[in-house]
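**Student:** If you want the building blocks of each chain, they are given just below.
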Amino acid sequence: MIPEEQQDQAALYALGLLEPREATEFEAAMTSNPELRQLANELQEAAATLALSSPTQVPPPALRQRLMRELAVEGKARWWQSQVSWVSWGIAAGLALLCGLLFLGRGKLAKTAADLEQRIAASEQRIATLTSERDRATETAAENRQRAEAAQLQLAQLNEERDALARKITQLEERDAASRVEAAKLTADRDALQQRIAELERKAPLTSIQVATLTSKMSAAPEAKVTIAWDGARQEGILKTSDVPPTGRDRDYQLWIVDPRYKDPVSAGVFSVTQGGRTEIVFRPKLRIASAKAFAVSLERKGGVSKAEGPIVFAGP
Amino acid sequence: MGEQSPQQKADVEMITAAARGDHSAFAALYDRLGSPLYSLAYRMLGDAAEVQDAMQDVFLEIWRRAANYDAGQSSVFTWAVLLTRSRVIDRLRARGRRSHLLEVSRQENEVLFPGVASTSGSGADIVSINEEAARVRSLVGELPVEQRQAVELAFFSALTHQEIAEQLRQPLGTIKARIRRGLMKLREQIR
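These protein sequence lines are chains A and B, in that order. Per my numbering, the first sequence starts with residue 1, numbered consecutively. Per my numbering, the second sequence starts with residue 1, numbered consecutively.
Just so you know, these hints were derived from the structure itself, not from any lab. Backbone N, C-alpha and C define an ideal beta-carbon position, used for all residues, glycine too. A portion of the hints provided could be inaccurate.
Computed from the model, here is a short list of chain A residues facing chain B with C-beta under 8 Å [stated by the list, open to error]: (1) 49; (2) 53; (3) 54; (4) 55; (5) 56.
With a straight-line cut-off of 20 Å between C-alpha atoms, the simulated DMTMM-like cross-links for lysine to aspartate or glutamate are [what the hints assert, rightly or not]: (6) B/185 / A/8; (7) A/307 / A/250; (8) B/185 / A/4; (9) A/185 / A/243; (10) A/307 / A/259; (11) A/286 / A/259; (12) B/185 / A/5; (13) A/286 / A/264; (14) B/185 / A/149; (15) A/293 / A/259; (16) A/240 / A/280; (17) A/286 / A/309.
The whole structure should be built from the sequences, with the hints applied where relevant.
**Tutor:** Spelled out as structure tokens, the structure:
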């Protein structure tokens, strides 16, 4: 029966918790007490099973590959060491033989000694060569490992760049598609306007038709446009809008024609836009216009005003 | 060592072959022991990158010292676990992670049985290890709480038994007795 105090020692020994001096004393006690040794061994086995109570983790596959690579490098190094070791033994044997021969007769064996010295020198040379080759092999392996790691890193970067470019291409394709739609819309507008001009031309001489494109002064809608075709002979025109923002319930856009004959611009009526910023109206100014030098659109209260009060939101040509 | 199980015999064959320089035998041994040793190191170090470095060192040491393994002293599993634990403790001490250890051990006191992490491994070795791990968790769970606490702190931290006594605010003799009783009970259960 093992005393309780020794059982405590055995448990602490199994867990590596004894101080070095205590551990040495305990190991000495075990040599003369097989029962105590068996207890310590069994407690070590029990302690080791605690490792299995840890939450299970699976090592990454790269760790196994790295380890096996390391083993391959170490295997080569071992081989070189074994070669060097054999050569060393060869030298020792050569020296022993030399000593024996010298003992038997130094005079006669002088030539043999010289030969052996040459062989020793050659062996030493061989050792130096093998050592150098071993060092080179180790260095090469380390360099190859570094290169492989660098290549993997570069590959990862390239993959990231490729993904970023693919995202950019998708964005550009989307923008391109939107631009095509916009271009088609503008082309349709232009065609419609040309058609109307053609109609007007049929009704009146072309020389009396004046076309003006009014550009937006609104920072919130820089793409908005108002196009006007003015027939001075008939004293009427067509106004067409695109992408013009709605005015809200209590306001209207009001068209003005600048004629040098009048001190103030002449009102040509009010208009509002539908959803999508489009509208098309036929307008007639309040006064006869002799020369339409410019057109402007202001934002006014509902129904319009006799003299412009609100901000000018479009002007041209 | 008592009579060896078939798995223990297979382990001895693998390490004997590895001692002769057989790489494939060593790879098989890695497949068998990799997950439990990695799990142990991860629980003690808590940092994946450091655990990988530690495991590389441990397995290289197993490879180099395979010829020194004595089947009469312990099973291959026990030998490898104690080697891993020893190297991990060296790392913790060398890197001045004492405060980390104390924190980890405190956390372990609060959660004595953390949940089992999901694994992505497969194969007979992992299945076998998982079954064995479940059995061990169940056996450890059957220990009285105070014994389990003392044994787990003693095994998973780099604390001395005096430090364990201080942390659990118990006399040193009580801690020694709890460790002894806990380990003895575990030994009886796994027999």
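**Student:** Run every hint past the structure and note whether it holds.
**Tutor:** Do the hints match the structure? See the list:
1. Interface restraint check for residue 49 of chain A: the shortest CB-CB distance to chain B comes to about 5 Å, inside 8 Å, so the restraint holds.
2. With a least beta-carbon distance of about 5 Å to chain B, the hint placing residue 53 of chain A at the interface is held under the 8 Å criterion.
3. The closest approach between the C-beta of residue 54 of chain A and any C-beta of chain B is roughly 4 Å, which is under the 8 Å cut-off, so the hint is satisfied.
4. About 4 Å separates the beta-carbon of residue 55 of chain A from the nearest beta-carbon of chain B, less than 8 Å, and the hint is met.
5. This hint holds: residue 56 of chain A has a C-beta 5 Å from the nearest C-beta of chain B, less than the 8 Å allowed.
6. With a CA separation close to 13 Å, the supplied pair residue 185 of chain B and residue 8 of chain A stays within the 20 Å bound.
7. Restraint check: the Cα-Cα separation between residue 307 of chain A and residue 250 of chain A comes to about 18 Å, which is no more than 20 Å; the hinted pair holds.
8. Between the alpha carbons of residue 185 of chain B and residue 4 of chain A the distance comes to roughly 15 Å, so the proposed pair stays at or under 20 Å and holds.
9. Distance restraint check for residue 185 of chain A and residue 243 of chain A: the Cα-Cα separation of roughly 11 Å lies within the 20 Å cut-off, and the hinted pair is therefore satisfied.
10. With a CA separation close to 14 Å, the supplied pair residue 307 of chain A and residue 259 of chain A stays within the 20 Å bound.
11. For the proposed pair residue 286 of chain A and residue 259 of chain A, the alpha carbon gap of about 12 Å is at most 20 Å, so the pair holds.
12. At most 20 Å may separate the alpha-carbon atoms for a hinted pair to count; residue 185 of chain B and residue 5 of chain A meet this at roughly 17 Å.
13. Taken as a hint, the residue 286 of chain A and residue 264 of chain A pair is honoured in the structure, with Cα atoms around 12 Å apart against an allowance of 20 Å.
14. Note on residue 185 of chain B and residue 149 of chain A: the hinted pairing is violated, with a Cα-Cα distance of about 49 Å set against a maximum of 20 Å.
15. Proximity of residue 293 of chain A to residue 259 of chain A is assessed by CA-CA distance (about 6 Å); at most 20 Å being required, the pair is judged to hold.
16. Taken as a hint, the residue 240 of chain A and residue 280 of chain A pair is honoured in the structure, with Cα atoms around 4 Å apart against an allowance of 20 Å.
17. Using a Cα cut-off of 20 Å, the hinted pair residue 286 of chain A and residue 309 of chain A holds, with the two alpha carbons roughly 17 Å apart.
Checked against the numbered hints given earlier, this structure breaks only hint 14.
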